[in-house]
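The working numbering runs 154 ahead of the 1-based position in the sequence shown.
Bear in mind the hints are in silico, worked out from the structure with no lab data behind them.
Check the hints yourself; a few may be wrong.
Stated by the list, open to error - With a cut-off of at most 30 Å between alpha-carbon atoms, the simulated BS3-like pairs for lysine-lysine come out as follows: (1) K416 x K471; (2) K240 x K490; (3) K526 x K382; (4) K471 x K420; (5) K254 x K420; (6) K254 x K382; (7) K603 x K574; (8) K471 x K254; (9) K574 x K382; (10) K490 x K452; (11) K617 x K254; (12) K254 x K526.
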Amino acid sequence: MRLIVPLQGVVQGRGGLFVGSLIPCCLFYFLQLYLKRRRSPPPPPPPPDSDSSSELPRTSSRSSLFTRGNSIGRVRVSSRAAPLAKPPDSPYYIGLERVKTDPYDRVTNRDGIIQLGLAESTLCFDLLQRWMSENLMDSLMMQSDGSGFDVSTIAMYQPFEGLLEVRVAFADFMSRIMGGNVSFDPSNMVITAGGTPAVEVLAFCLADHGNAFLIPSPYYPGFDRDIKFRTGIELIPVHCRSSDNFTVTVSALEQALNQARKRGSKVSGILFSNPSNPVGNILSRETLHAILSFAQEKNIHVISDEIFAGSVYGVDKEFVSMAEVVAASASGDFDKSRVHIIYGLSKDLSLPGFRTGVIYSFHEDVVSAAKKLMRFSSMPVPVQRILISLLSDTRFIEEYMAAHRQRIRDKHFLFVEGLKQLGIPCAESGGGLYCWVDMSSLLTSYSEKGELELFEKLLSVAKINATPGTACYCIEPGWFRCCFTALADEDIPVIMERIKLLAEPSTS
């Protein structure tokens, strides 16, 4: 019988040291004997005429080296990954997953679940289709100096923060869709593989693990994933009410900040969407100025998510970028290094598949750190080549943006009018690809439980996926976000008929 004994320290002294070392060794002997007796007997030897008999002892010996001390149970993943592997518990993600099991199609599956939970647009795909058909290959193969195609320009490593040409094109495009009232410096810009990495990387640069951001609620449910998953930063809702059309106020920010500090939370910044997601309201110049003044007073950062800046459809609505507020302020009024902007092309140009995002920051250390972090989420160079041509085509961009805004306006009118016929109102809005719908009249009880019950009825009975306000941290039950820009006109009456079934009293 082979025993492995840790002898070191057994004879290093007398008295306590000797006894203290000997007792563990004895216990180890008994453990070895116990395991030896409980070990299953070896398999019987193979027949003498077996061709592989000479190899078996060697294989058995080799196997025993790895089976001795077998671990109990499955090998574990990290404590960071384990929660992510579980099924989602947010109604936002639950709804998206349910749609995948039975998606609506007006031709092949008219009884499927209609998707109103995803903010994407197909309204101008005809224009994108035409441009791509005419320019896609040329944009990939064209060189900045006008020479012939060189495969190394798309196959070799390029700057992780984005080609200079694409950052220049983005700077011009962002200025154009934001009314031309502000200019953007390409050197303050980092290109990311989508809006989600832009949010996460910016959060990583601005706050430490365990710190917090204030965020006006209701807010986009994906921020929980984008910010909390890997950075460990908390989001503290600043509750807004329907009486103010869910617009944040300085008094609400002050109250939330004081409560957070009493709990021991360190608040590093304010994060908000403009236009708001999910409400769709647009923050005024005065509100933006007040937010920046508050941040200056409290010495915290301001993160303005402006990914819907070009999707403003309200005729009398003016979008103002936080960059414009900074530029318009008198010299020395604000420390602009605390201001950071998030942008992307998933909404305004309907290109979520291109995975295109932008971090724009006035803080040179944030830009420097973000450039290094782009090793993990840089945009593919072929996509950048396409975007250089697309964003630089000013005639197409002007045609596209005019059509984009008008078609959102028309679709919004059809959708809201349909709801109005059912006696269901919507919050006042002027931007985004959705509307904020008040379905409180359909609740069985005015509570979070009643709202989640209605959410389930919409999914299982009406076959509609709409995001409940609970997922957006809204404190008033009954509000739902409904995205309408991927719908055909003929789909809207179908949706209204399905909602009407829930509104009618049961005859049973």
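Of all the hints numbered above, which does this structure not satisfy? Sort the numbers upward. Hints 1, 2, 4, 5, 8, 9 and 12 are the ones this structure does not satisfy, whereas the remaining hints hold.
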